[in-house]
Each structure stands twice: as structure tokens, then as C-alpha cells.
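Novice: As a plain string of letters, each chain reads:
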Amino acid sequence: MADPFLSIQHVRKSFGATTVVEDFNLDVERGEFVSFLGPSGCGKTTVLRMVAGFEEPSAGKIVVGGKDITRLKPNQRNVGMVFQAYALFPNLTVAQNIGFGLKVAGMPRADIDARVAEMLDIIKLPQMADRYPYQLSGGQQQRIALARAIAPKPKLLLLDEPLSALDAKVRVSLREEIRSIQKKLGITTIFVTHDQEEALSISDRIAVMYGGKAEQVGTPFEIYNRPATKFVANFVGTLNVLEGKVTDAAAGTVQVNSEQVSLKGKLNGSKSGDTLSLALRPEAISLGRQPGRDSSLSGEISEVHFLGSVIRVRVGIGGNTVSLDTFNSPATPPPAVGEKAEISFSSDDMLVLH
Amino acid sequence: MKTGRFWAWVVFGLGAAYFFIPLIATVEFSMRMRRGVYSFDAYQIVLGDPRFQATFGYSVLAALFTIILGVLIVVPAAYWIRLRLPQLRPIVEFITLLPLVIPAIVIVFGYIRMYGSNSPLPFLASDRGTDLLLVIGYATLALPYMYRAVDTGLRTIDVRTLTEAAQILGAGWGTIVTRVILPNVLIAVLSGAFLTFAIVIGEFTMASLLNRPAFGPYLQNIGANRAYEPAALAIIAFAITWGCMSLIQILSRFAPKSANRPN
Ligand SMILES: Nc1ncnc2c1ncn2[C@@H]1O[C@H](COP(=O)(O)OP(=O)(O)OP(=O)(O)O)[C@@H](O)[C@H]1O
Ligand SMILES: [Mg+2]
Numbered sequence: 001m002a003d004p005f006l007s008i009q010h011v012r013k014s015f016g017a018t019t020v021v022e023d024f025n026l027d028v029e030r031g032e033f034v035s036f037l038g039p040s041g042c043g044k045t046t047v048l049r050m051v052a053g054f055e056e057p058s059a060g061k062i063v064v065g066g067k068d069i070t071r072l073k074p075n076q077r078n079v080g081m082v083f084q085a086y087a088l089f090p091n092l093t094v095a096q097n098i099g100f101g102l103k104v105a106g107m108p109r110a111d112i113d114a115r116v117a118e119m120l121d122i123i124k125l126p127q128m129a130d131r132y133p134y135q136l137s138g139g140q141q142q143r144i145a146l147a148r149a150i151a152p153k154p155k156l157l158l159l160d161e162p163l164s165a166l167d168a169k170v171r172v173s174l175r176e177e178i179r180s181i182q183k184k185l186g187i188t189t190i191f192v193t194h195d196q197e198e199a200l201s202i203s204d205r206i207a208v209m210y211g212g213k214a215e216q217v218g219t220p221f222e223i224y225n226r227p228a229t230k231f232v233a234n235f236v237g238t239l240n241v242l243e244g245k246v247t248d249a250a251a252g253t254v255q256v257n258s259e260q261v262s263l264k265g266k267l268n269g270s271k272s273g274d275t276l277s278l279a280l281r282p283e284a285i286s287l288g289r290q291p292g293r294d295s296s297l298s299g300e301i302s303e304v305h306f307l308g309s310v311i312r313v314r315v316g317i318g319g320n321t322v323s324l325d326t327f328n329s330p331a332t333p334p335p336a337v338g339e340k341a342e343i344s345f346s347s348d349d350m351l352v353l354h
Numbered sequence: 001m002k003t004g005r006f007w008a009w010v011v012f013g014l015g016a017a018y019f020f021i022p023l024i025a026t027v028e029f030s031m032r033m034r035r036g037v038y039s040f041d042a043y044q045i046v047l048g049d050p051r052f053q054a055t056f057g058y059s060v061l062a063a064l065f066t067i068i069l070g071v072l073i074v075v076p077a078a079y080w081i082r083l084r085l086p087q088l089r090p091i092v093e094f095i096t097l098l099p100l101v102i103p104a105i106v107i108v109f110g111y112i113r114m115y116g117s118n119s120p121l122p123f124l125a126s127d128r129g130t131d132l133l134l135v136i137g138y139a140t141l142a143l144p145y146m147y148r149a150v151d152t153g154l155r156t157i158d159v160r161t162l163t164e165a166a167q168i169l170g171a172g173w174g175t176i177v178t179r180v181i182l183p184n185v186l187i188a189v190l191s192g193a194f195l196t197f198a199i200v201i202g203e204f205t206m207a208s209l210l211n212r213p214a215f216g217p218y219l220q221n222i223g224a225n226r227a228y229e230p231a232a233l234a235i236i237a238f239a240i241t242w243g244c245m246s247l248i249q250i251l252s253r254f255a256p257k258s259a260n261r262p263n
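Quick mapping for you: the protein sequence lines, in order, are chains A and B. Counting in my numbering, the first sequence runs from 1 upward without gaps. Counting in my numbering, the second sequence runs from 1 upward without gaps.
Calculated from the structure, these hints are not laboratory results. Everything numeric in this text was worked out from a predicted model, so none of it was measured. One or more of the hints may lead you astray.
[As the list claims (entries may be wrong)] Computed Cβ-Cβ distance ranges for the label pairs, DEER-style:
1) Pro108/A with Gln249/B: 36 to 42 angstroms
2) Gln76/A with Ser246/B: 45 to 51 angstroms
3) Ser117/B with Lys67/A: 57 to 63 angstroms
4) Gln76/A with Leu88/B: 26 to 32 angstroms
5) Leu88/B with Arg71/A: 23 to 29 angstroms
6) Leu47/B with Pro108/A: 51 to 57 angstroms
7) Trp80/B with Gly41/A: 43 to 49 angstroms
8) Asp113/A with Trp80/B: 30 to 36 angstroms
9) Pro50/B with Asp113/A: 53 to 59 angstroms
10) Gly31/A with Leu88/B: 53 to 59 angstroms
11) Arg71/A with Leu121/B: 56 to 62 angstroms
12) Pro120/B with Pro108/A: 40 to 46 angstroms
Ideal Cβ positions, reconstructed from N, Cα and C, are used throughout, including at glycine.
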């Protein structure tokens, strides 16, 4: 990356004796949509609030467009923010809410009206200008909040779990709308969520956070398919974890249960005799031997759940249980509990968790 | 069910009687100035008395200044405590309750000792200074009501998030307080203001001991020397207080409705 638009460098934040964010680093390109994904309490909001200027970092630097903004006040940063609690001003109409930042900036009345109308069009609520916030649904309020945040053309848009108070359907449609508006305006955006599906579906890149650090930063594809740490692998998506023992480090063979799997080039300096955690996504496993899958393990079917179009099967392998999904086919009856079964997978898909 | 309803009405009737009988008796008495017939003579005399007009005007003015002073002190203080110093709330609440515990007479004697003509802050050396001191004293007396009203108003809005939303949109503290916070607690501020008004209009101790021509001492003076006029005055004062209370009720209908908040 040549010159990132937003650069968060070695940022740390302590409240009293507890350190909440530790050595957080992230570079964001102009126009990029980056999500912070992580469990509750991992420091997502705290990092976002430092970018907004509501908290001052205990150490480190935040640079936007080549300018160090670490010590600037929130009202000097030209950043837009959408809060989890729809923070619309209850005493102002929708139009006045959207125009608030423009009015504060001293924009002439006619220009404000034009910009507000433009914003209402973008969020597809042109007829709502004169309503008060209490007359709107949660989803509508959050769209107004988005319009209010982007009306002054901020350099950065920050969203802190903007969808978590909405019901599931609205959540999905609104996240896609946020993404398309963001793309249309080309505004650099940070989106905080603890919902992995949300992060995977709309982000250019995701920073998976844990314990105040960025565990991994990457595209949704990388995060899901090549998790860098055990935490990321477990947190994002469903994962089957198997215990394995390195039998020959040089050849890359690992013993799982009583069978050998070849993981050449993935062992990363493990020695013979080491115990490893190996992980497989359910969609990487098939029932029975399949062409093109170089590895297989045998076990016994322990559970079968018929879910309609797919059948979720759990197979016991030694002391571990592996979940996998097979498509329902009317011609073949589903496997029965207690049957012996063989699962196959490609060793390329097996993740070694460090 | 039935008997419960019956007793509820009995209790209500007793309460209403306890409240209304003295009131009706006072009204009745105030209208008996002219022998044999009911008349508003007492009211005419009272309202036509130049001292009534002067003292009432003085007290209204004092009440207005008290309200302004109270709003200027209480709104920013209550706001800041909610925003940044929530741990101070119990202490501040206790302090605002002190005027209810400490008699006004004690406060006034304190003032007279502290701010005499020979003190470094000689409020009492001039009439204007004494007026100012009286307004300050009134603001103290009204503090428990004003603070509670404003604090209750602040509780209905998400002070922190609204403040941050305004800040990130570029607003400074002046804009935040005047355009975001105050409009949303305006009704609460107004109810605090009317309570203040009601207190100041009838206040006797401070005005009397500081020797200011306020309505309270005038009421007392009339009460001690006349028969029918005090009753008329009491009814007038009562009507003013109730007028204030009804205004609070009416105004609260116009309060900005807070949108449902998730937390
Ligand atoms: N002002 C504060 N004083 C003390 N501790 C704080 C403060 N703000 C946050 N924390 C602590 O910092 C940690 C991280 O908080 P943060 O709000 O950033 O988490 P989060 O990742 O946003 O979680 P969530 O998904 O629940 O919103 C938490 O343990 C929290 O208790
Ligand atoms: Mg959070």
C-alpha cells in the first residue's frame, strides 16, 4: 500500500489500570469499507471512538489523509458517525436532523435544503422530511442517521453496530443499502459489528479483533478460508477441529485417529511428535470417497439432521466429532445413525491452527 | 371489587373535602365584606391598593431574575453531571436538598453577617445589592425544585449519545446546549421555572429580613391588620399558583417526544 488514507498506528488505550486496546494497527485505503469484527468487549467501539475523537489514545497515532488527527477534538475532524442507539435529535424534524451538520458549518439555507433533499433521495425516504424521529420506525431512523452523518461530506464514515437494534429482515436489507450508498459515494468507512455474516457479506476487508488487538486483517475470503489464528478460525464460520500428531515432520505426515494425512508444507516448523489442532470447514468435507479428494478418515455416524435442502451429518472420528452437510437427493435415503462411514476432503482445505 | 370501589370513593371524597372545604370557606368569607350580600369588594380594595401593585410587581420581577439565574446555574450543571461526572450525582443531589433542610431564616442571617456594609462583598450597602442578594437567596430556595425538574428532563433523553452525535457533526458546546440539550428539556425547565415563580411570589422570611418591598411581607401585613382582604389575597395567591401548575400540565403536552431508544 502506497499511502493509506486512514492509518491507525500502534494505538493503545487504557482505562485506569486496565488496557482495553493494545498495539492496534490498521491501514485503510481511500474508499475502502473495513469491518471490525469481534466478540463483545474486545475493544471495537473503543478503537472507533478514538478515530472519532471521543477517546484519546494512551499511545500511538491516528493519521487521516496524511494529517495527524490524534489530538483533534471530535468537532474538528470532519468525520461522520452512526450510533447503535439511533441518536436523532428528538426536537428536530428529519430534514433539520440531516441539515444539522451543514447548519453548524454555516452553509447557506438554500444549499442546505438542496443537500438535504439529495440525501433523502439517496436513502429513499424523500417524503419523510417533515416528520419527527418518534414518527419513524427503527430502520427509517437509522437511515436518517446515516444521511445526517454523510450530509457534510465527511472524510470518514464510522458505524458502530448500526443494525443491531433492528429486526433480522431490516438488518439484511439495510446493510446492503449502506454498502451500496458507500460505494456510490466512495466514502472511506469503518463498520463495527459482532455479526460475522454481516461483516463477511459487505466488507472489502475485515479486521478480526480479540482482546484489544487485531488478530487478522484481510478480505472476507482470506479471513474465512485462511484464518491466521485459532481464534479467527473459531470465531468466523463453523469449524471442525481434530487433534493430530506429527509423525514425520520432514514428509509432512500427521496421524489423525489411526490414519495418516499428508499436510506437506503446512506444518510451519512443527517437530515430529508434536500435537496439532487441525480444522476443516463443513463444506470442505464429503461423505464417502470422492474423486479429487486426497485424504479420508473413517468413523461412525452419530447424528443426522434433516434440514430440507441439506442434511447435516455428524460423524464421530476417534474422540472427535465432525459436522458436514450433504445435499438432499430424493433418490438416496439419508445415512443412518450408527453406520460406518468414510469422510473425504482435500488436504489443501485442512487448516493447521497455531 | 364493588366494596373496594366504594371505599376508594369514600377516601377520595374525604380527601376532596379536606382540601376544598377550607378553600370554599375562604372564598365565601372573602365575599362577605358588604353586609347582607356577596360582593367582590374585598378583591377590589386589594387589587386597587397601590402597595399591592408595587409589591406584586416587585416579586414578579424578582421571580423572573431568579428563574434566569436558576436556569443559568442548573441546566449546565445538571447536564455536565449527567455527561461527565455521574459519580457526583448523589453529592449534588444532597446539596440541592439542603435548602429544604436549612430554614430560610438561617440562610438570611448568614447573608446579613457575611455581606454587611463593612464586609468585602457589601451586597447590603445598597438597595440594588440587596435585591441581588435576595434573588440569589431565592435561587437557593428554588434549587431543589429546579434541579430535580431539569434532571428528570435530562433523564428522558440519551444525553451522552446526543451530545456525541452533535459533536461529531461539528457542533461546539454552545450549540450543543442551546440547540440540542435545552430544547429537549425545555418543558422540564419551564416546570422548574413555574415552581420557582410560585415559591418566590409567596416568600416571606428572606424578603422581610432583608427589608425588601416584596409581596410576601405585604400579605403578612394585610393579614395582621384587616379582616376580609387577607382572604381575598389568599384566594388570589392560590389562583396564581394553580395557574402556574396548569401551565406546566399544558406545556408538557408539547414536549418533544423521545423516539424509542434501544437502551
Ligand atoms: N470508559 C470506560 N472506562 C472503563 N472501561 C471501559 C470504558 N469504555 C470501555 N471500557 C471497557 O473496554 C472494553 C472494550 O469495550 P468496547 O466497548 O470497546 O467493546 P466492544 O468490542 O465494542 O464490545 P461490544 O460488542 O459489546 O460493543 C470493555 O471491557 C469495557 O468494559
Ligand atoms: Mg461496542
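Novice: Each of the hints needs a verdict: does it hold here or not?
Specialist: To see whether the hints hold, each was checked on the structure:
no., hint, in the structure
1, Pro108/A with Gln249/B: 36 to 42 angstroms, "holds (41 angstroms)"
2, Gln76/A with Ser246/B: 45 to 51 angstroms, "holds (47 angstroms)"
3, Ser117/B with Lys67/A: 57 to 63 angstroms, "holds (60 angstroms)"
4, Gln76/A with Leu88/B: 26 to 32 angstroms, "holds (28 angstroms)"
5, Leu88/B with Arg71/A: 23 to 29 angstroms, "holds (27 angstroms)"
6, Leu47/B with Pro108/A: 51 to 57 angstroms, "holds (53 angstroms)"
7, Trp80/B with Gly41/A: 43 to 49 angstroms, "violated (28 angstroms)"
8, Asp113/A with Trp80/B: 30 to 36 angstroms, "holds (35 angstroms)"
9, Pro50/B with Asp113/A: 53 to 59 angstroms, "holds (55 angstroms)"
10, Gly31/A with Leu88/B: 53 to 59 angstroms, "violated (45 angstroms)"
11, Arg71/A with Leu121/B: 56 to 62 angstroms, "violated (41 angstroms)"
12, Pro120/B with Pro108/A: 40 to 46 angstroms, "violated (52 angstroms)"
Going down the numbered hints, you'll see the structure goes against 7, 10, 11 and 12, while the others check out.
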